[in-house]
Each structure stands twice: as structure tokens, then as C-alpha cells.
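Here the structure of chain A is known, so what remains is to put chain B in place on it, guided by the hints.
So the protein sequences, as listed, match chains A and B.
Heads up: the first sequence at position 280 corresponds to 280 in this note's numbering, and the numbers run straight through without jumps.
Heads up: the second sequence at position 42 corresponds to 330 in this note's numbering, and the numbers run straight through without jumps.
To be clear, the hints were calculated from the coordinates, so they are not data collected in a lab.
Cβ coordinates follow ideal geometry from the N, Cα and C atoms, glycine included.
Be a bit skeptical, because a hint or two may be false.
[Said to hold, decoys possible] Computed footprint of chain B on chain A; a stretch qualifies when at least three of its residues, placed anywhere within it, have a C-beta under 8 Å from a C-beta of chain B:
#1 35-42
#2 48-54
#3 58-70
#4 244-254
#5 266-275
[As the list claims (entries may be wrong)] Restraint ranges, calculated between C-beta atoms of paired labels, are given here:
#6 B:E1061 / A:K45: 55 to 61 Å
#7 B:T632 / A:T174: 31 to 37 Å
#8 B:V724 / A:V282: 49 to 55 Å
#9 B:S789 / A:V25: 49 to 55 Å
#10 B:S789 / A:V282: 46 to 52 Å
#11 A:V25 / B:V724: 27 to 33 Å
The chain contents come next:
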Amino acid sequence: MKKFRYQSIIFVVALVTLYSCTREVAVNLPPYSSKIVVNGLISDKDVSKVQISSSISSLDTNPINYIYDGTAQLYNEQDVLYDILSYDAFSSGYIGTKPVVPGVFYTLKVNVKGKQVIGTTRILAGAKIMNLAYQDMVRMDSTGLPIGEVSFSFNDDGSIENYYRLNVLYYDNTRSEFKALDIKDNYFLVIEAEQTNSGFVFKDRTFNGAIKKLNFEVPYGYIENNAPYKFVIILETLNEDYSRYENSRSLYNQRTGTPFSESVELYSNIKGGLGIFAGANVSRDTLK
Amino acid sequence: MLHIKLRVALLIVFTFILLNLQGQSSVSGFVTDELFGEAVVGAVIKVIETGENTTTNNYGFYSLSLNKGTYTIVFIYSGYKSDTLTIPVYKGDISQNIALKTYQIEKVVLHGKNVEDNSDAQTGAIDISVSRMKRLPLLLGEVDVIKSVQLLPGVKGGTEGSSGFYVRGGSQDQNLVLLDGVPLYGQNHFFGFFSAFNNDAINSVQLYKGSFPARYGGRLSSVLDVTMKEGNTHKLKGTASLGAVIGRIALDGPLGNKNKTTFAISARSTYINYLIQPLFAAASSDTASFTPNIGFYDVNLKLSHKIDENNRLFFSVYQGNDNVGFIDKRKRVLSNGPTLETETGFGLKMNNRTAALRFNRIVNKHIFANYTLSYTSYTLKNNINLDYKLTTDTTVSRLYYNSAFKTAINDINLKADFDQKPSVNHHIRYGIGTIVHFFNPGVQTLKADYGNFFRDTVYGKNQKANTLETAAYIEDAMQINKGTKANIGMRAMHYAAFNKSYYFLEPRIAINESIDSNWIFRMSYALNNQPVHLLANNNLGLPMDIWVPSTKMIKPQKAHQVSLGIIGNLKKHFQFSGDVYYKWLRNAIDIAPGADFVGAERNWQDYVRQGNGENYGLELLLQKQEGKLNGWVSYTLSYASRQISGINNGNSYFFRYDQRHNVSTTWSYEVNKRNVFGTTSIFSTGYPITVPIGQYLDLDGNIVYEYGGKNNYRMENYFRLDFNYIHYLKPGKLKWAKEAWYNISIYNATNRLNPFFYQISNKSTTGNGIVLERVSIFPFFPSVSFNVAF
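Just chain A, same shape as in the assembly:
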């Protein structure tokens, strides 16, 4: 007992002396100059959408509101006005009137209280989903139940470096809705893709100019034969700006808050401000 008490004392002393102490410290930053923040997306299937706000000091505890009294205009490569975006209170953003044309550079000019910021981007021709199919048994799992597989392919344009975002949805017949299939353990995605809030982003590093086939395992019980749908595959061909943004955002979410990691700044292509102006060409296919 005496020996145990002696050991206890030593253990407690060791714990106390090694205990780390955390204290809040004052942060003395130079005065912060607010910047216009633009987050805009263009598409060949949908109208352009832009949200405008301002950045504030990192020490500021006030909420950040969207700006409703600015202007947002889209210009084509010849600097001719292509579209005027109007403020929509429901979405707190500015909505255009028409889609854009793939392959053409567009410049977004945003003005807020006399200050202008600019972003330039273009979307690409985009890959098309092919050969979407489903096999209801490719192997058995550890409990003896069959595992199915959904597969599709697409053709990459070898003339440029392409970035893609992928979402695979299965139809939940019980709830009558499409839900995201868990595909994060797919070997190709593990090695090549970054998982973001909006899907898996990857580039054509290993299949440039070739046909790429992807297969995803589907656990038993997900698919019902009498359901009206089985799968929806959404393959977006992102432009480079969009892909870099999503990659940086994924890294940011993983690293921010970790004291032992390098800090990550979100990618921005807004000159004179912050944010992103980017786009995607969407290919969507449904398997019934």
C-alpha cells in the first residue's frame, strides 16, 4: 500500500508538471481593408448565378451579409455585354437570363459603391456519360450477401487538362428520393480525387485523352427491382478555376483548426477582391 501510494504521488506530480496550459492572447493586427467577395458560377445548361458580399476583419464578430445594391454584368471575349444579372432576394444573389456557350471566355464585372472587381473564366465542351449499367451481383460480402456494381464510362478530351466532379445517386424507393451512394472507398477516388461538399473532384492525370471507366460497389438492399429508378450519375466537367477552388476548399476544411498543419488560403480568381468565378459543363444520365 505504501509503495502504491508512493507511485501515485509520483504519477500525480508527473501529470501536473506535464499539464499544458492554454490562454487566450490578444491579437494585434493592422487595420483591415474590406474587400468585395464574389462567388459566381456559369453553365451551359443553366443561367449564371453570382453572390456578392464583403470581407471583414478576422476579429470582427458581426455577421456577414450579402450585398443587394451592387451590379453584376457578364461580358464576352470581345468585351461586349452578354448578360445583366439581377438581384433575387430569395436566393440573396444575382441571376442571369441565359446560359453561356462552352469554349468562350466570359468576364464578370461587379461594382459595389463605385469599386469594381473582375473575374474571367470559360467552361469547356465537357465529357458525356456513356454505357451506364448495373449488375446486381459481382461478389459476396463477409456476411454472405450479394454486392452489386454500377458502372459507366466517359471520354476525356486529350487536348487540354480536364477536371471533373462526380456524384453518384441511388434511388431510395422507401423514401422516393435520390440519395448519395457512398463511393469514397473506390480505389480510383481514394488515390486521385478530393472529396468536397459538392462531390468528388479529380483530374485526368491518369487517363488523359482516353476512355475512363468507373465502377462502384452497391451493398445489398440498396436497389429494389420494382423501383422506378436505380441510379443517377452526374458528371461535371469543371473548368480549371472551379477545380482549383474545390481542391483548395477541401484542403482548407481538412487543415483549418489543426495547429500542426500549413494554413490554406482558398483559391481566388477575382482581381481586386476575393472569391471565385467558375463554371462547369454538366452531363447527367439516369438508369431506370
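Here is chain B on its own, set in the frame of chain A:
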């Protein structure tokens, strides 16, 4: 073409050497400690009549070339009484071994020699007294070579408690750390709080900053050359120490024939596990148990065998191991009947190992040869284990997840070094060596079965790489005239990896010019290349470090460095030195934003960027070498910046080890033979960190930070004051011990909460506004260690 030029240059030098051998005799031999027979490294041998001097090499060997005549030769080394001999030189070579007697009252100095005896004309070269290290205040009762080095000008520690060191704005991998001539890749224990060196095993420590001699290469910033004790030739002796968390023991002595073979072995280990494991075991039951595993150990062993007067054989081994982890086991019966057993485990292991076989040969009285075959290995592993077992009346199902990550580097090194004193005015060293590096930047093994998730995969196997590094060098420490000495050398290196070869020529020039009898002006220039790199997410010395090779994509780093300085004797045993330096870096490495090297799914090369760098500064040192009160004060003013594409938008930024001001002092006062007081204080301005300056909404409306630039903020200033008191027990107090003493230390006596790291969190419920929190460790920290020598 390069090889042809080198061959011609060597041929010219050898011819010159041969011609100069005519008409001279050599006086050579070994300088040893009279009491223990250990080689005295760096002892100064001075010829009064000619003014020539030389120093003993890492094996205690010296050689002088003299014309016919009678000479007065003085042998000097700090802590020993000088010995003076009158030696007639008429015909033939003379073998003269010297055994130096130690002082009764120990002189503890930083430099092993006075200003005028500095024959190795190297700007920024420092001998660090091993006995001086023992008198510094201790952290957790542990003498630490690296913490002693951190007190020198131009050398910085990392964060609080760290045993890393950063020289003239360089990163940790830019230091070549040698243990008995073998590179040591893992230099720390226990998250960097302790260095890998056991002071009991060390004979000498030399630090070269920047323009190190041509015999060293492969790094940009410094060389820390640590030699181990060989063991005394007279009788078995030892020391033992018991500290707050670490125990040490060391033995050395003769084996067999007293004059032929000696051994030295030292070991230390933590005993935290022995304290805490029984406590947790006592608290465990059949349904729940927690077993921690925390600790480290290291062992040094050296065998020395004197074959005959001209031939000696050495074998040395180092083994260090760190282990941190736990296993948590639970068992419970679920409400519907089945039994669920879970096992959760985490482990972090580091293994560091070197082995060297060395053969010394006195080829003739002019040439000393050393042949070395060595091996070094550094391995870091971490693993996570989750295991679930569900047992019902009829079935047993199991789900498991096991992830293991391993990174390693292994070297096999073969080299031959020659030391020659061909004439009065020249001391030539030359040699050749080759290293095969075996890199394993990261392999992750993933085994899992969660029913619908199955994996049995290995990632990162294709990142393994073997590279070859070959170097030849020649250097000449010469006396140009009475007041001018120089060390001029050239190192040629070839590095091959991934079907890519790199060739380098590295000139090294160091010149000392005597201003008068007390002052010397010194200048140097060096070009260095570094083909191996350390990738670390942080400067904490945490074991997440990965050694990687240069490749086709990642080029060897390069640095040009120039230094100017003076060193001189002041009154009353004070010595002053001041140096300025400027270093240009090319292909300097830094980590890309968001890099994370734990896990091997990605190629490490994707996370590395290269660019240019610039380091410059001023270093001042004032030391008192003799008397009851001795020690030193150092001040460093320094700048370190980088400009690298892909980092900070390609703009210049302060490097992570940029620290503007650093003042360090250490003093010891010997009250009498049995009582010594000591103090150490460090003040430094903060390292740069990255803090958000703004916040805004992203594409999904989430708040994200704007940083506005890398390393845009400064940590708070660092200040620490340590005290220690050493008390030697009366002789004979412990009948079984020759000597016994306590070392009572107070680390951080002012209890200042210095920053270990900072974390950023949100301030308000809306999620806006940052809060910066400083995490500190090691407040006011007393420790006691008890030591005996027998």
C-alpha cells in the same frame, strides 16, 4: 569531364606533397587522458620555435613535419595541465605519445583553445566542452547536448522544450549530425523534448556553422560532430544517474589485455511505464482495461582494439527507441443479449540505429588513414487499430479497421579519410566516400472489413527509392605567413537517383589573419549542396518527419555562404568573437499549403515547392573562460526569408525559423570543490506564424479565413531563466562510489508561459471572429537528479 579535372587536380596536389616530403622528419603520436587513457580530441600542439601548431584528430592523433633541429613542443587542452617537451629532430621520424593530466579544479570553457592556437582557421567552428554541459540547468534532470548547442550564437532551438536546432536561418535537416562519423537522422526522443545523445557516452562535440571544411558535405547549415568515448585503458569505471523520469548508467574499461582492448557502454531509459502501468492495471477489470505505453531508451556501445602501434579497430553501435501509445479494451452485454467486445489501439514508434566499423592506420609518420564502414537507420511508424466483435448464441461477427503508416531511411556508407602533415606549413586532409540511401517516404497498409467496406491494400510502395551519393574532397590547412592561416578545400559530389545524375563542385575557403597578438580577423566562403531533405509539417520536433531524396522534380538544395568575423582576447580571461554572415539559397524547400504527410495516398513530391532563400545576420559572443565564475553571453540578430512559387502567391515571406533577436547567457560559479551554482537565461523574439486577417463567405455561404500572406504574424517573445545547484557529497560518503553528487535544477524559474504552439478558434456563437490561444508547457519546473561515479 568533371572527373578528369578532379583527377588532374589530385595528381598535382600529390606531386606537391611528395616534393615537400624531402628533408623533413615527422613527430607524431597520440594524445590521451592520463587517468583514463581516452583519446583527447582537438588538443593543440604548438612548436615554440617555428610558431607552427596543429590539433589532434577525432582519434587523438597528431603529426608535425619539422626540419632538423631541437624543438620545444607544448601540448594544450582545456581541463588539462599543459605538457612541454624538448624534442631533438635529426634523422628519421619520431613517435611521441603524450598523456595529459587533468586539473584538480576544472576549467570549463567553450572553445578548447585560446585565440592564437586556433590553427583550424574555420569561421564559426566551436568545440563544446562535455563537462560544461553537465553544469547547465537541466530539464527533467537530463543533460542535453542539443540544448547546450542552442545557447550558442547563430543557433536557435525550436519551440519550448524542443531538442531541435536551427543554424543561421536554416531548417533542421540542413544540419549534418554525426555520431562517431555516422549520420544520425533521428536526433530527438519523446516528441523532441530530449536529444538522441546520452552525455555519458560522449567524448567530444564540435559544431561548424556554415563554412565547414571540405571533409564534411551534404548539408547546408552546420555540422555537429559528436564522438563517443572509447573506454579507459586502466580499470573498470562507471556512472549512474537517477532523474525525474529517466535513469542512466554507463560503464567503460579494459577488456582482456589492458593495453589492447577497451569498451564503453551507456544506456538510459524512462521509467514512466513502470509507474503508470501498474496503476492502470489495478484499475482494470474483465470488462474494461486501459494500458498506456510511454517511454524511450537508448544504448551506446563502443569497442576499441589496438592491433599494434600503427593499427586500431573500432566498433560502435547506437540504438534508440521511442514508444507512445495505448490499448483500450471494453466488453459489455447489449440489451438484446449479444456480447460486444471492442479493442481500440494507437501506437507511435520511432527507431534510430547506427553501427560503424572503423579501422585506423598510421600509414607512415606523415599519413594517418581512417577507413569506415557504417550503417544508419531511422524508422517512424504509427498505427490505429479498431476491432469490434459481436457474439450471439449462434454467430460471431467481427468488424475491424487497422491502418499502419511507416516511413524510413537507411544508409550504408563506405569511406576512406587521410590526414597528412607533409610539411611545416601544410596540413592536408583528403578522402573519398560513398553512401547508398534507401528511402521509404511512406507506406500505408490498410486492412478493414466493415461488412460493406473491405480493404486489404498497401499505398505508397512505389515511392521507395534508392540513391547513390559519392564524394571526394581535399583540404589544406596552411600557414601562409606568420600571421596568416587558411583552410582551402574542394569537395566534388555526385548524386544519382531516378535515372538522374547531379554533379557538384564545392569550394571551401577560410582565412585567418592576425591583427595583433590578441586579435584575429577571419573570413570564409563555402558552397554547399544538399541532396536529402526532411519534410516536417511543423517546427515542434514531433515525430511526423519524413526523409526524402532529391529526384528529377525535386532538385538538391544549394547554398553560398560568406562570413566575416573577428575573435580576440580581452582582459581578465574574457574572449570576444563577432561574425556577420550572408547565405544565398537556391532550390530551397518548403511545404505547400495544406500539406499533410501522414498517410501515403499522395506522392510526397506533390506537397513540396522549391525556390530561393536569403539568410543573413550578426553573431556576438563574449565568454569568460577561467576563474570561479565562467560562462558566456551570446547575441544573434538574424533574418531568414524565402520566395517560392506556389507558396504565398510567389511573394517573399519570412521563413519559419526567422527569429530577429536572440540573447542567451549561461554562467556557473564554483563556490568550492563541492558546490557549484549555475544559471542560464534565454530571451528571443517570436517565430513567425500565420494568422487570419480577414473572413468572408465561400461558395456555399460558409465563413472562411483570409490569411493575407504566409507567416504574417509573430509569436510572443520567449524568455526563460533556469537555475541549478550541484552539490558533491564528501569523498567516502558512499563507500561504494568514488564520487556522488546531486543536481537540483529549476527550469523556467520565473514561470513564464512561453508559447509551445497557437491554436485558432471562433469567438462568438455566430461563428465569426477569431480567438488566438497560446498553449504552453513546462511552467516552473524543478527537478532533481542523483549521480554517482564508481
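Broken hints, numbered, in rising order? 6, 11
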